[in-house]
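Trainee: From first to last, the protein sequence lines are chains P and U.
Per the numbering used here, the first sequence starts with residue 20, numbered consecutively.
Per the numbering used here, the second sequence starts with residue 9, numbered consecutively.
Treat each hint with caution, since some may be false.
[What the hints assert, rightly or not] Below, computed lysine-lysine pairings styled on DSSO-like, alpha-carbon distance capped at 30 Å: (1) U/Lys-236 x P/Lys-152; (2) U/Lys-142 x U/Lys-173; (3) U/Lys-53 x P/Lys-152.
Treat the hints as calculated values from the structure; they're not laboratory data.
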Amino acid sequence: MLDIVTYSYLIFPLLFLLFRTKFKEIFLFLLAIYGVAFFSLIFFDDSIPKNIKKYYQGFYTFLEYTFFTCFIWMNIRSINFKKFIALISLLFIIFQFYYVTNTSPQRLDSIPIGIETILIFIYIFYFLFEFSKSSKDVFIYNHYNFWISVGIMIYLGGSFFFFILVNELDKSQRANFGTITYVAEIIKNLLFAFAIFVYKKFPSNQTQKLPKNIPNLDMKMI
Amino acid sequence: MFLLQANTSTTTALFMGTIGMLVLTIGLVVFIIMHQRRVQRFQQKLQQLEIDQQKMMLNASIKMQEEERQRLAADLHDDAGPLLATARLYLNETLVNQDKVHQLQSIYQARQIIDDTIQLIRNISHDLMPPTLKNFGLESAINDLFQKISGSGTVNASQRFHDYKDRLKPEKELLVFRIVQELINNILKHSNSSFIHLTQNVHADKFYLRIHHDGRGIVQSDFEKLNKSNIGLGLKNIGSRIRLLQGEILFEKDISQTYYKVTIEVPKDDPYSS
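Please put together the full structure from these sequences, using the hints given.
Mentor: Shown next, in the form of structure tokens:
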């Protein structure tokens with residue numbers, strides 16, 4: 020199962036090459052980089068020495084948070100919310116650095132993963148709220164970020180409790196519930212791949228239009 | 009035993025939690041899609057209503073054109089036709105009757121009738137395009153109109169243009185004049201008012217006209233209701249002309265509750281011209 024998860028990350032660079040995408044199409048480029056990065060991280064997971072494993076885990080969580088945040092950031096219009104994301108991200112990175120340097124090695128860095136999940140869910144909720152409020156003529160499922168968001172939610176939702184409680188589980192339980200997270204991860208990657216097709220099929224839907232200036236209708240008669 | 013129980017509760021929490029998160033995700037996605045579909049259906053309904061209203065306005069405009077043609081045809085047929093036929097009869101009389109006195113009398117009668125016909129045709133032509141408006145502009149045309157109304161003695165009509173140094177474009181002036189004519193007609197027909205006062209001013213890039221009267225009037229909600237109904241052809245024409253001008257019209261009752269006012273706002277510069 021892990022092999023399927025690992026190799027499923029190669030879909031993104033392959034689709035990037037297949038579509039002969041230009042580098043200025045940031046979303047596709049970013050997704051290709053994401054695919055290569057996570058394929059490498061999972062592929063070389065077993066060969067990481069135990070003494071640096073916690074740094075590797077911290078880096079994995081950091082990279083995952085960064086990519087997910089970038090995907091959502093690109094599609095959020097509110098400047099204030101972007102500032103909020105930037106501030107929270109900075110605090111999260113500081114916390115993660117503190118956590119990695121001050122805790123003893125564990126199976127997984129459950130607390131940063133839990134916080135990451137909650138933050139990403141908040142960002143996605145905001146994106147969905149903003150999109151449904153502002154875009155009246157584009158169906159949300161014709162926007163690639165909807166599928167990215169659904170993929171992330173399924174993956175994080177499906178693995179949240181497992182990652183939180185992984186340090187409490189025995190080997191057989193980890194094997195059983197690990198399968199759920201693998202399935203969620205595969206679904207996420209399939210949805211990300213579908214997002215690429217949506218992005219290519221509806222290129223005009225992918226930018227949210229700015230609202231028109233409403234003139235001041237107050238009338239002053241002299 | 010304790011460890012086993014703890015492990016079972018962890019497994020249950022993990023299982024229920026994961027299911028809960030997935031249900032939450034799916035529920036949210038379904039909710040968002042349903043909500044957006046509902047919003048879009050509402051938007052479509054609004055668009056349909058707007059299309060219907062535009063159709064109604066177009067029909068009103070066509071109907072008004074037809075009525076105008078019929079009136080013109082009736083004026084020419086019923087008034088100018090018989091007058092010219094009578095003049096022809098008098099002229100025939102001069103050919104048949106060789107008596108000089110009779111001939112002179114017939115020619116004089118024919119001339120009188122031709123003069124009347126000229127006046128009639130002039131009136132018809134003025135109705136189509138007031139010459140004062142064409143030659144001297146909106147201010148003079150409205151002044152003429154108001155003088156005629158005041159001349160009748162039943163309504164006191166007055167007007168004051170505060171700032172009309174820069175005239176509107178002729179086609180805009182005609183549209184504004186037609187709106188004023190229609191409003192004045194409605195006031196005379198339905199309001200039973202004793203005075204009509206019109207003021208004009210400009211502010212920023214907008215041209216404003218305000219008509220006050222002390223009779224029975226309508227407010228904006230009545231105007232919108234009538235505009236959407238099958239009655240109120242004149243008001244529909246006002247609406248379509250305002251739309252052509254890319255302007256606004258506001259029907260309201262004055263704060264003192266003693267008179268009604270209608271305010272027309274028109275952009276001074278044509279938004280299509282560079």
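Trainee: All hints, please: hold or fail.
Mentor: To see whether the hints hold, each was checked on the structure:
Restraint check for U/Lys-236 and P/Lys-152: satisfied, since their Cα atoms lie roughly 29 Å apart, inside the 30 Å limit. Note on U/Lys-142 and U/Lys-173: the hinted pairing holds, with a Cα-Cα distance of about 16 Å set against a maximum of 30 Å. A C-alpha spacing of about 18 Å is found between U/Lys-53 and P/Lys-152, which places the hinted pair at or below 30 Å, so the restraint holds.
Checked against the numbered hints above, the structure breaks none of them.
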